[in-house]
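S.K.: Below, each chain spelled out in residue letters.
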Amino acid sequence: MRAVWIVFRREVGQYLATPFYYLIAAGFLLLTALVFNNDLTISITYRPASPAVVPAFLSFTLVFLAPLLTMRLLAEETREGTLELLLTAPIRDVEIVAGKFLGAWFYYTLLLALTTVYLLILNAVTRPDLGLAASAYIGIWLYGGATLAVGLLFSALTENQIVAAFLSTAALLLLYLGSLAGQIVASVELARLINMLTLQGHFNTSFAYGLVRAEDAVYYAGLIVIALFITTRIVESHRWR
Amino acid sequence: MLLRKWSASLDMIEARSLTKYYGPHPAAVDLSFEVGRGEVVGLLGPNGAGKTTTIRMLTGFMPPTSGTALVAGCDIVADSLAARQRVGYLPERVPVYPDMTVRGYVTFWAELRGVRRPRAQADAVLERIQLAERSRSLIRHLSKGMRQRLGLAQALVHNPDVLILDEPTIGIDPQQVIEVRQLVRELGKDHTVLFSTHILSEAEQICDRVLIIHQGRIVAQGAPASLREQLQPGAHIYVALACDANRSVHDVLAGLPGIETIQQQGEGYTLRFQPGVDARADIAEALLRAGCRLLEMRPVAMTLEDIFLDVIGKVHRD
Numbered sequence: 000m001r002a003v004w005i006v007f008r009r010e011v012g013q014y015l016a017t018p019f020y021y022l023i024a025a026g027f028l029l030l031t032a033l034v035f036n037n038d039l040t041i042s043i044t045y046r047p048a049s050p051a052v053v054p055a056f057l058s059f060t061l062v063f064l065a066p067l068l069t070m071r072l073l074a075e076e077t078r079e080g081t082l083e084l085l086l087t088a089p090i091r092d093v094e095i096v097a098g099k100f101l102g103a104w105f106y107y108t109l110l111l112a113l114t115t116v117y118l119l120i121l122n123a124v125t126r127p128d129l130g131l132a133a134s135a136y137i138g139i140w141l142y143g144g145a146t147l148a149v150g151l152l153f154s155a156l157t158e159n160q161i162v163a164a165f166l167s168t169a170a171l172l173l174l175y176l177g178s179l180a181g182q183i184v185a186s187v188e189l190a191r192l193i194n195m196l197t198l199q200g201h202f203n204t205s206f207a208y209g210l211v212r213a214e215d216a217v218y219y220a221g222l223i224v225i226a227l228f229i230t231t232r233i234v235e236s237h238r239w240r
Numbered sequence: 000m001l002l003r004k005w006s007a008s009l010d011m012i013e014a015r016s017l018t019k020y021y022g023p024h025p026a027a028v029d030l031s032f033e034v035g036r037g038e039v040v041g042l043l044g045p046n047g048a049g050k051t052t053t054i055r056m057l058t059g060f061m062p063p064t065s066g067t068a069l070v071a072g073c074d075i076v077a078d079s080l081a082a083r084q085r086v087g088y089l090p091e092r093v094p095v096y097p098d099m100t101v102r103g104y105v106t107f108w109a110e111l112r113g114v115r116r117p118r119a120q121a122d123a124v125l126e127r128i129q130l131a132e133r134s135r136s137l138i139r140h141l142s143k144g145m146r147q148r149l150g151l152a153q154a155l156v157h158n159p160d161v162l163i164l165d166e167p168t169i170g171i172d173p174q175q176v177i178e179v180r181q182l183v184r185e186l187g188k189d190h191t192v193l194f195s196t197h198i199l200s201e202a203e204q205i206c207d208r209v210l211i212i213h214q215g216r217i218v219a220q221g222a223p224a225s226l227r228e229q230l231q232p233g234a235h236i237y238v239a240l241a242c243d244a245n246r247s248v249h250d251v252l253a254g255l256p257g258i259e260t261i262q263q264q265g266e267g268y269t270l271r272f273q274p275g276v277d278a279r280a281d282i283a284e285a286l287l288r289a290g291c292r293l294l295e296m297r298p299v300a301m302t303l304e305d306i307f308l309d310v311i312g313k314v315h316r317d
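Sequences listed follow chains A and B, in order. Residue numbering for the first sequence follows numbering that gives the first Met the number 0, starting at 0 and increasing by one per position. Residue numbering for the second sequence follows numbering that gives the first Met the number 0, starting at 0 and increasing by one per position.
Treat the hints loosely; a few may be bogus.
The calculated label-pair distances, taken between Cβ atoms and stated as ranges, are [unchecked claim]:
hint : chain 1 : residue 1 : chain 2 : residue 2 : range
1    : A       : Phe165    : B       : Ala81     : 39 to 47 Å
2    : B       : Ser16     : A       : Phe63     : 27 to 35 Å
3    : A       : Leu22     : B       : Pro23     : 46 to 54 Å
Some but not every residue of chain B turned toward chain A, in silico, with C-beta under 10 Å [as the list claims (entries may be wrong)]:
hint : residue
4    : Pro90
5    : Met99
6    : Arg102
7    : Gly170
8    : Pro173
9    : Gln175
To be clear, the hints were calculated from the coordinates, so they are not data collected in a lab. Ideal placement from N, C-alpha and C gives every residue a C-beta, glycine not left out.
The following block holds chain B by itself, in its conformation from the complex (with noise of 0.2 Å):
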């Protein structure tokens, strides 16, 4: 019970059946959900899934329909100005005024966010994002790499509880990206970090926990590993053999104890058995009893990808 109380007490962001409709169109449909102190949560979906939405809601931009969310403790609908203090927000085109230098612009949001140091603090943190040396430039003269930098340190220089970023690796290029995403995982240290991105890969790279959206609703969620394991129905094994061209090579593997199915992938096959099924040993076995000579074979690990495309047919086939 204590316990219970001292991890709810944890939680940074947590948001009771978020609903959100533009009209008659629902964006964002019962969304409960909870984010940790110090959790990187990546939220996913493809696009025009409810992502913005739920971010917007989150970040006070936009009232809930209906439901609520709780931000660092402070209410999004009742004591919005109190939550908005708490949350450090970059949306997804970065917005920056081009005629301001680039430490006008962390200063005045600074000030708007009742920094106490404003000046000092802005200064910290361009330096810690490692803008400091162009911190007398005006923004129309930064590449788009340090605009991306720049929106972050204006969502950084009040040190908020939470950080919430709409998709910060988009159109920029892959040596920027990297470094946003360092950025992102470093930041995850000292702060909540809820992010989204309908890139798949990136979500595995730096998320604790990924939540996947679509069609306003969470379809699924837990850790990458987890997902994977929870998802995948069954081994998946890959094996790359050489046989005599008269043996079906079909017929060898559809006699294997557990078998599900057997798919055709270039050289090999990729087979996959029923959950709890370990068919290794069975199958070099069997294939050498055919008179098959066996060249490789390894564990399939379900990506993200496989994982996203199978949780989104499903919902498309119920």
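With the rest of the complex left out, here is chain A (with noise of 0.2 Å):
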């Protein structure tokens, strides 16, 4: 457990100094600001505004955002050799992957509170739903959360940070637009099953609706033990090759 410390400190060090990340934050910001500000305009005529609505657009947006978040991590231990002397530190891998893995998270839980600013906003003018709002952020924090998970298994892969990101992206699309191939099924029950592997399946019908539920949560949770399973796997085989 003191390694996994002692790693998450170096790693979120790390996002906090480099200005990449400063970069990606301030975009980040940007466009969530540009679709709340959108909904703002949009209660002025037909509905009222959601406090769910940047939620719902980080839900696509991770597909995106958690590559760039994860793709150093391990890619870059592996290339510069530091990786080899890690794995010589009187230290189990699984605390390595670990402490990467909650660095990542830790640095996209500092980028969602950034963005409760728009509900302060929100509140100033309106009277939102905040037990939507805390759903939908519970489930944007988890599914946050699987992303990373996945992005970290595929910084484990390989020592090239690109090939890395783009990986992920690809798995992750995969991921979000899976429940597409349940169009194209006649079976509405194969559907459905494919609809709960996804990952919107978890969140576009649940959270972002103010219900949670334990089914969800499982799915996020048991996506993140699943890839951090496999990441450590891989990490391991560094030892065989």
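Starting from two chains that each stand alone, build the complex the way the hints lay out.
M.R.: Written as structure tokens, this is what we have:
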């Protein structure tokens, strides 16, 4: 556990010390601000503003955002040779992986926390459903964790950050858009099953509408655990090459 | 008996038939050797001989296919974490985080290895390795030689019993090579050092003992001086002389008692005699009788280079 904390701290330090991540944060805030502003504008005419609009927007954006946050994590260690040193330090492989994952999730949490400023603004002009806001934020937080875990997995696979980012975007896109495959199968049951395996299938119809269900939380937590497990195995495989 | 027990407990590295196969290809075969406390031992061999593989097994990076080793009394297979705790390791390519500061980097490794006061210890090591004035610089701004020293700082920060260095002098300029060699020599006073190299003179300069490995096997081991004695198949003597052209020098030399080979070398000849023959007086006398003048005569010490080629040549012939 101690090693997890040390690795975690170094990763968070890297996020906060690298200009690239400030650029990402700036872009992230700009986009979410535009989406929020657009929703406010719509609320003038035909429907009230939704406190879940930013999380709903993120549910798609994370497909591209998460790989940017995770591509460096293990690919760089492999390329620089520091992974060899980590693997000869008196710590377990899973502690390295967990520390890195938690570091990325923490940075994402910071970004997400910044967007709550829109809720404050909304609260000043109208009376938003804070229950819905809480549900959507919990959902997108877990959702983000799952996408970061998948990103980390692909970062472990290659020493090239660009390749890592590309592969994880492709994988996340598949996980996100997989439900479209439900439209071409005849069986409703099969379509439902496919939908239940996708990222948005556990967000768009539950968390995004204020519905907090255990099965959805378990889906994201399960995805995190599986991805981290595979990542640990990949890291371990460096010992056998 | 008691003495044996005592000396056994002094072994800091004890490899017991370490073997590593990459698929069907053997990288290290049945390596058994000991490194005593406070010894500086060189792992010598051409590229691809299995040096890095051996080191990677000892540092706990990869498990051996069979066999095991004790490092500071801890089994590298059964008790890997404890063994890793006692080893400082500098891989061949110095692994650094370019975006960290020198001090942050060393502190990070100190923390991971459970040093009690990581910051103070990091500062102390940087002082020792003469990087203290750069402790706030980003690593990306360091020269290659400095990075090498930083790598050593990382390996030393938890004050390990055993230091394992993989080709520590590769790719840095000659001045820095000398510095690193001195440093390794110095570290040998407080730590047990195992380092690999393919530069023979380097091993000769800084090692108490060398292990020559070739194709994954130990082909010779011992102190550089005793290896030389062991492997030198007889006395080599170089003579330079001036003779009348009409006399065949070769015939004169060939008549010497106990001579094995004669090799012309520039102005003179290198003569090899059977072991235990001291032919110096005979040489002088024979040459004088033949009307030659002796300009120079000196014994030729076999360098590690010669031993190395000799040993490896033997392996190939066998």
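S.K.: Each hint should be assessed against the structure and marked as holding or not.
M.R.: Hint-by-hint comparison with the structure:
1. Phe165/A with Ala81/B: 39 to 47 Å: holds, 41 Å
2. Ser16/B with Phe63/A: 27 to 35 Å: Since Ser16/B and Phe63/A have Cβ atoms about 53 Å apart, the given range 27 to 35 Å is violated.
3. Leu22/A with Pro23/B: 46 to 54 Å: holds, 49 Å
4. Pro90: holds, 5 Å
5. Met99: holds, 8 Å
6. Arg102: Where the cut-off is 10 Å and the nearest Cβ of chain A is about 13 Å from Arg102/B, the hint is violated.
7. Gly170: violated, 13 Å
8. Pro173: violated, 24 Å
9. Gln175: It is violated, given that the least Cβ distance between Gln175/B and chain A is near 20 Å, above 10 Å.
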